[in-house]
Amino acid sequence: VLLAFGWYLAGILPVLRYVEVGSMSVADRYMYWPSVGVCLVLGAAIKRGWSDAPRSGSRSAVGGAGIAITVAMIGLTFLQIQAWKNSDTVWSHVLKHNPRSAKAYTGLGQAARTEADQVKGDGDQQAAIASYERSVPLFSTAIELAPRYMDAYYNRGLARFDLEQPDQAIPDFSEVLRI
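The numbering used here numbers the first residue of the sequence shown as 38 and each following residue consecutively.
Mixed in with the good hints there might be a few duds.
Unchecked claim - Pair ranges (Cβ atoms, derived):
hint, residue 1, residue 2, range
1, 72, 215, 29 to 37 Å
2, 129, 214, 26 to 34 Å
3, 83, 154, 44 to 52 Å
4, 107, 129, 23 to 31 Å
5, 215, 47, 36 to 44 Å
6, 89, 184, 20 to 28 Å
7, 181, 88, 53 to 61 Å
8, 214, 120, 30 to 38 Å
9, 177, 87, 53 to 61 Å
10, 214, 112, 20 to 28 Å
Hints listed in this document are in silico derivations from the structure and should not be mistaken for laboratory results.
Even for Gly, the Cβ is constructed at its ideal location relative to N, Cα and C.
Produce the complete structure using the sequences and hints provided.
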């Protein structure tokens, strides 16, 4: 049990932001490692419950509880996977839980720029312009939330440049150099 608890604590530190790992300090993927510790504790509890239970209906209850927990976890996993459908769903999910995330607004803006580049490559100039235009206010919101967030200035400058607005793009690029 101590090993499982230590495993959990070591793994959860990046999620709690006491230890930064890369530029994404909060992400679902950081829960995989500490989940091993939780599973070890649950497995030990189930084993103990199974061993301590007489061979009567108590074992059926322990087994049924194990199956119910497994089915519940499968359902929760399926729901969480929906958030990872594409960049728009990931960043929208982040904003749902943290509406003041400059990174999330920048991520949505970058997704719009990527979409614009793709449709532009397919020859749909109007759709590309609409996506570039959609990205600019997202980057602007990120800048309002985090005025020194260089990625938002840089990407807003790129979007404005793609919209053939170099007079508006240059101040964004200048701000990137200043920061």
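Evaluation of the provided hints:
Range check, residue 72 to residue 215: Cβ separation about 43 Å, and the 29 to 37 Å hint is violated. The hinted range of 26 to 34 Å is satisfied by residue 129 and residue 214, whose Cβ atoms lie roughly 31 Å apart. Separated by about 51 Å at the C-beta atoms, residue 83 and residue 154 satisfy the suggested range of 44 to 52 Å. Judged by the Cβ atoms, the range 23 to 31 Å given for residue 107 and residue 129 holds: they are separated by roughly 29 Å.
The hint said 36 to 44 Å for the Cβ distance between residue 215 and residue 47, and at roughly 40 Å that hint holds. At roughly 60 Å, the beta-carbon separation of residue 89 and residue 184 lies outside the given 20 to 28 Å, and the hint is violated. For residue 181 and residue 88, the Cβ-Cβ distance of about 59 Å falls inside the hinted range of 53 to 61 Å, so the restraint holds. Taken as a hint, the range 30 to 38 Å holds for the pair residue 214 and residue 120, whose Cβ atoms sit roughly 36 Å apart.
For the pair residue 177 and residue 87, the beta carbons lie near 58 Å from each other, so the given range of 53 to 61 Å is met. For residue 214 and residue 112, the hinted distance range of 20 to 28 Å is not satisfied, since their beta carbons lie about 50 Å from each other.
Taken one by one, the earlier hints fail for this structure at numbers 1, 6 and 10, listed in ascending order.
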